Amino acid sequence: MNIFTRGFRGRKRDSSGQLPPGQYLTDDFPVLSAGPTPRISLDAWEFTVTTEQGESHRWSWAELMALPAESVTVDVHCVTRWSKLDTVWRGVSLDTLLTDIETEADFALVHSYGGYSTNLPLEDLLGGKAWVAYEYEGEELAPEHGAPARLLVPHLYFWKSAKWVRGIDLMVQDSPGFWEQLGYHDYGDPWREQRYQGD
Amino acid sequence: MDTTTTATHGASSGTRGTKGPPFLAASPSGGAAARTASASTLVLEVIGWPGHLAGQHVDVRLTAPDGYQAARSYSLAAPTDGDRIEITVQRVPDGEVSSYLADEARDGDVVEVRGPVGGWFVWKPEDSGPVLLVAGGSGVVPLMAMIRSRDGVSPAPFRLIYSVRTPQDRIYDHELRRRATQDGGLEVAFLYTRTVPDGETRSVGRITAEDLIAYGWPADVKPTCYVCGPTAFVETVSDLLVGLGHDPAMIKTERFGPSGP
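Listed in order, the protein sequences are those of chains A and B.
Under this note's numbering, the residues of the first sequence are numbered 1 to 199, in order.
Under this note's numbering, the residues of the second sequence are numbered 200 to 460, in order.
Hints in this document: simulated from the structure, not taken from any laboratory.
A quick note: this is a predicted structure, and the numbers were derived from the prediction, not measured.
Among the hints, a few may not be true.
Facing chain A, according to a computed beta carbon distance under 10 Å, are these residues of chain B, among others [said to hold, decoys possible]:
#1 258
#2 397
#3 412
#4 437
Beta carbons: idealized from backbone N, C-alpha and C, even for Gly.
All chains should be modelled from the sequences, with the hints used to inform the complete structure.
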């Protein structure tokens, strides 16, 4: 059954094919966070990858900066329906960070300063699809956008790109993160419109 | 942040792997319930609405004659009332969905809704601890749902601090004034950023730590804090609350950008 809304015409349609279903374009950079913005000094910052064996690999800020960085231009899609095209980021590929880590894990649980978390399959962090990003449009990240560093996984809804990232647990079994426990989709592919559980 | 909240709506109760929450037909009912210059309240009749918690949202979808669709998320303004839900829509310049809902939608029109959505920024009647609500502009909407849900059901002490530009911008103005005198354990303070009403002793200005001290709760009372409004407002208030000693894990935020949907 088709439902039409009397009197609604809508804006001009997106014909670029760059917008996933149900999204609209914005030039803003909206901020959506569940709590206060955590402030993390670079001296205290560290990034830790922990394997399913409990083995930890740590990077200080200086060590992260010493790794080869990449600049990437990507589209980001928020589950609240805004999308932003051609955003420019700089950071370290997860391929670089995970290259020497021995693991049998299939899943990752990403943790943030402030307590946020989000889960995704490990293969979605590899193969040039994910970064620990510390610059946006040529500037340091703003605190409310995840400073000093955030995960960037642009092929999934943007809640997977955890702000204030502090580490990743590699796991044999999937374990839901913050929003994934609260009714949002486990995977979150914007092109399949996987917004809520069961989509 | 430690989460002990679990979503209770039908979509998440063991339906993983099946279809997500469906879109349901909804019709405006009873005309616009309340209006200010910038916001309009709508009651929608939704056959089969599964119920919701105070603070949750609903996705509203509109369909044009050529099949084009646009959807946005709105906070639910009132507790579950059978098949009736209430949303308050702030007009935003060039708002594709908000302009339609605020100005065009009439009784009997058909839109679609999906939800409820969101399980973090919620208050439940069994949460008996003190609550601080801090609203900027239309950020009062989900907080109003909490105040209304509390009425006659919970003795939890509530304090609302509501910052608006001018007295004319107070959404739910009469109801909030009535509740401030009638709902035991509810205190309401209005702050004005542009124009104050006659007799107001606080001068015009954005919210400060002094306001949070005067009208909020001391940190050692350990209130759950809900802060909702434009991004800059929420950033300011949550930083001030952390500065006053509130546990960041007890501060729940929800943000609307200045030109949000």
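Status of each hint after checking the structure:
For the restraint placing residue 258 of chain B at the interface with chain A, the shortest Cβ-Cβ distance is roughly 8 Å, inside the 10 Å limit, so the hint holds. With a cut of 10 Å, the hint placing residue 397 of chain B at the interface with chain A is violated, because the nearest CB-to-CB distance is about 36 Å. For residue 412 of chain B, the interface hint is violated, since its Cβ never comes within 10 Å of a Cβ in chain A; the closest pair sits about 18 Å apart. Restraint check, residue 437 of chain B versus chain A: the minimum CB separation of about 4 Å is within 10 Å; hint holds.
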